[in-house]
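Participant: Here's the letter readout for the chains.
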Amino acid sequence: MKLLNLFKKQNTEKRNNTKRNLFKKKKHTANERKSLISWLFLLPSLLGVFVFFVAPFCVVIYYSFINNPIQNIFVGFSNYINVWNNDAFRLAGINTIKFSFTAVPLAVILSLFLAAVMESRIPFKSYFRSFFLSPLMVPTASIVLIWQVMFHYNGIINKFLMVFGQSKIDWFKSDQARIVIVLLFLWKNLGYNMILFMSALASIPKDLLEVAALENANKLQIFWYIKIRYMSSTILFVTIMSLINSFKVFREVYLMTGDYPYASLYILQHFMNNTFASLDYQKLSAAAIIMFIVVSILVYFMYKVEDRFGKDVEG
Amino acid sequence: MENVIQKNYFKKLHKKKELTDKTKTVLVTIAAIVFAFIFLTPIILTVSNSFMAPSEINSNYGSIFETTEKGGKTFISKEVNLKFIPDMVTFSQYYIVLFKSPEYLLKFWNSVIYTVPIVVVQLIIATLASYGFSRFDNKIKSALFFGYIILMLMPYQVTLVPNFLVSKWLGTYDTMWSILLPGFFSPFAVFLLTKFMKRIPKEVIEAAAIDGAGEWDVFSKVCTPLCKGGIASIAILLFFDYWNMVEQPLILLPNADKHPLSVFLSKINAGEISLAFAVAVIYLVPPLLIFLYGEDYLVEGISYQGGIKG
Chain A
1245 MKLLNLFKKQ NTEKRNNTKR NLFKKKKHTA NERKSLISWL FLLPSLLGVF
1295 VFFVAPFCVV IYYSFINNPI QNIFVGFSNY INVWNNDAFR LAGINTIKFS
1345 FTAVPLAVIL SLFLAAVMES RIPFKSYFRS FFLSPLMVPT ASIVLIWQVM
1395 FHYNGIINKF LMVFGQSKID WFKSDQARIV IVLLFLWKNL GYNMILFMSA
1445 LASIPKDLLE VAALENANKL QIFWYIKIRY MSSTILFVTI MSLINSFKVF
1495 REVYLMTGDY PYASLYILQH FMNNTFASLD YQKLSAAAII MFIVVSILVY
1545 FMYKVEDRFG KDVEG
Chain B
-17 MENVIQKNYF KKLHKKKELT DKTKTVLVTI AAIVFAFIFL TPIILTVSNS
33 FMAPSEINSN YGSIFETTEK GGKTFISKEV NLKFIPDMVT FSQYYIVLFK
83 SPEYLLKFWN SVIYTVPIVV VQLIIATLAS YGFSRFDNKI KSALFFGYII
133 LMLMPYQVTL VPNFLVSKWL GTYDTMWSIL LPGFFSPFAV FLLTKFMKRI
183 PKEVIEAAAI DGAGEWDVFS KVCTPLCKGG IASIAILLFF DYWNMVEQPL
233 ILLPNADKHP LSVFLSKINA GEISLAFAVA VIYLVPPLLI FLYGEDYLVE
283 GISYQGGIKG
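Respectively, the protein sequence lines represent chains A and B.
To convert, count from 1 in the first sequence and add 1244; that's the numbering used here.
One point on numbering: in the numbering used here, the residue at position 240 of the second sequence is 222, and numbering is uninterrupted.
Bound conformation, chain A alone (with noise of 0.2 angstroms):
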């Protein structure tokens, strides 16, 4: 009677060992199916994304490296060498190189700025959150309206500058065109920037700056060690989203001064547009392949220097 007891449980245990095996098996195969389908969910964006993205992109290569579509003749380098001494394209290229270096540092120390104003106590403050951040909304219309309004010869800065006694700027016809341009990115952009700021320094444990303020150190200290380490992949991310931005800028400057404004504001779409407009796809090409390469260069360099300033925060 024992013997059997022992026998049946020996057997059940070894039935349940096998059930509990394939239902591992079944979980196993279950997973992957699942996997598959996740692929399934990624199917339209990957075709649409490699259709009109980077199938043309790799067609873009070729007709960068041929001498014209019909004949199809491979020519090297040419069509680069060609580009890069096309006397626009260097001007188109140091004035989006110019305007872009000043526009973006700047972009970002104001917007932090702005954020630490956010972050002291203020009154009214969701109002002032919703005042920075309107510009996003305003139509690239009434922008270039308004700009026009202040910045011409006539208009209403000239006047001010008149009323203490200087002497009117050309601004959109001078060197100076470049600094209007500057003022229109960062109203545009500062509050969008802003609220990134305010949401990575609202990230930063409580904890950690209640014992810096209680060992001494000062705002300085705490700013640079602790809340700049912070942010550092905030600051990468609104430094890469302002540079971005800052090629956007083309549409105001396009919407105000037309295809060929002052040399000054002369940038690379107005060089990409007025070159379609003769339909040299050699020239767009290889200057496309030139964009990409400085941007994908400059986004690198920006990951390492993150890399190596954040590192200690992190993880």
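Be careful, since some hints might not be right.
To be verified - What follows is a set of in silico ranges between Cβ atoms, one per label pair, in the way DEER data are often shown:
| id | chain 1 | residue 1 | chain 2 | residue 2 | range |
| --- | --- | --- | --- | --- | --- |
| 1 | B | D69 | A | K1403 | 18 to 24 angstroms |
| 2 | A | A1332 | B | A125 | 45 to 51 angstroms |
| 3 | B | Y76 | A | K1403 | 26 to 32 angstroms |
| 4 | A | P1449 | B | F128 | 46 to 52 angstroms |
| 5 | A | V1319 | B | K249 | 37 to 43 angstroms |
Quick caveat, the hints were computed from the structure, so don't treat them as lab data.
Nothing here was measured: the structure is a model prediction, and the numbers come from that model.
All C-beta atoms, glycine included, are put in the ideal place defined by N, C-alpha and C.
Since chain A is already given, all that's left is putting chain B on it; use the hints.
Facilitator: For chain B alone, kept in the frame of chain A given last:
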């Protein structure tokens, strides 16, 4: 005795600190007000100017915008005035724009036709894709996702040539589809939504799976509802961006009849300046409403973006 002195000293110190705190608050508030004024001026000016009669606009800005009325290009007046409050409120500009000149409404409608489908379809595709990216993460997927980030970071000047080529291949050049199709598959929304999806705790999804929910159920009944806020915020950002598009129509739509109002407005700026303000206000209304209703979503959505790696 000593005690009293010490007490007084601390009291004084405390008071002093309170005072500097107060002056600091005042200073910061003043800074905030100055900034707010600068930020708001363009909006206030556009709105208030739209209620001014053409004669008033002309006398205010006659020295800036030339009229073409008398044949040649002439400045009407030599003075420029900054006025926030109209002498006399008039709705005549709005009347003209809304009832007398169908071309503005037509261009407005063009803007709607481009913006709304792009926002809706891009969000649908992106919601699916972000679920795909966030579930069963592996090396191939992270490599692909990195590719999306690179693509998102490329300025429009780079993607413009590919867009143009595809529109030629598909025969969509100079039709609305040349704008819509690349917009549908833009990686921006995928990038942001994946961040939202990845923050959903694994336990929530596993709990649903144990209850017998299939992948589609997990996606549609668990993950998507949890990302509602994110989806709303991205919808707002996308709307603002596409509502103001300028580059794409200039390249892909040589026929100016198909241009959205954002491009067209620049052409009326020169001539009928008083109308331009009214049109600008009408163009401002949809984003303004969205901003007022969705500001909290917007802030939440932007906050989530910080830290491109996370």
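Participant: Each hint: holds or not?
Facilitator: Taking the hints in turn, this is what the structure says about them:
| no. | hint | in the structure |
| --- | --- | --- |
| 1 | B:D69 / A:K1403: 18 to 24 angstroms | holds (19 angstroms) |
| 2 | A:A1332 / B:A125: 45 to 51 angstroms | violated (37 angstroms) |
| 3 | B:Y76 / A:K1403: 26 to 32 angstroms | holds (29 angstroms) |
| 4 | A:P1449 / B:F128: 46 to 52 angstroms | violated (29 angstroms) |
| 5 | A:V1319 / B:K249: 37 to 43 angstroms | holds (40 angstroms) |
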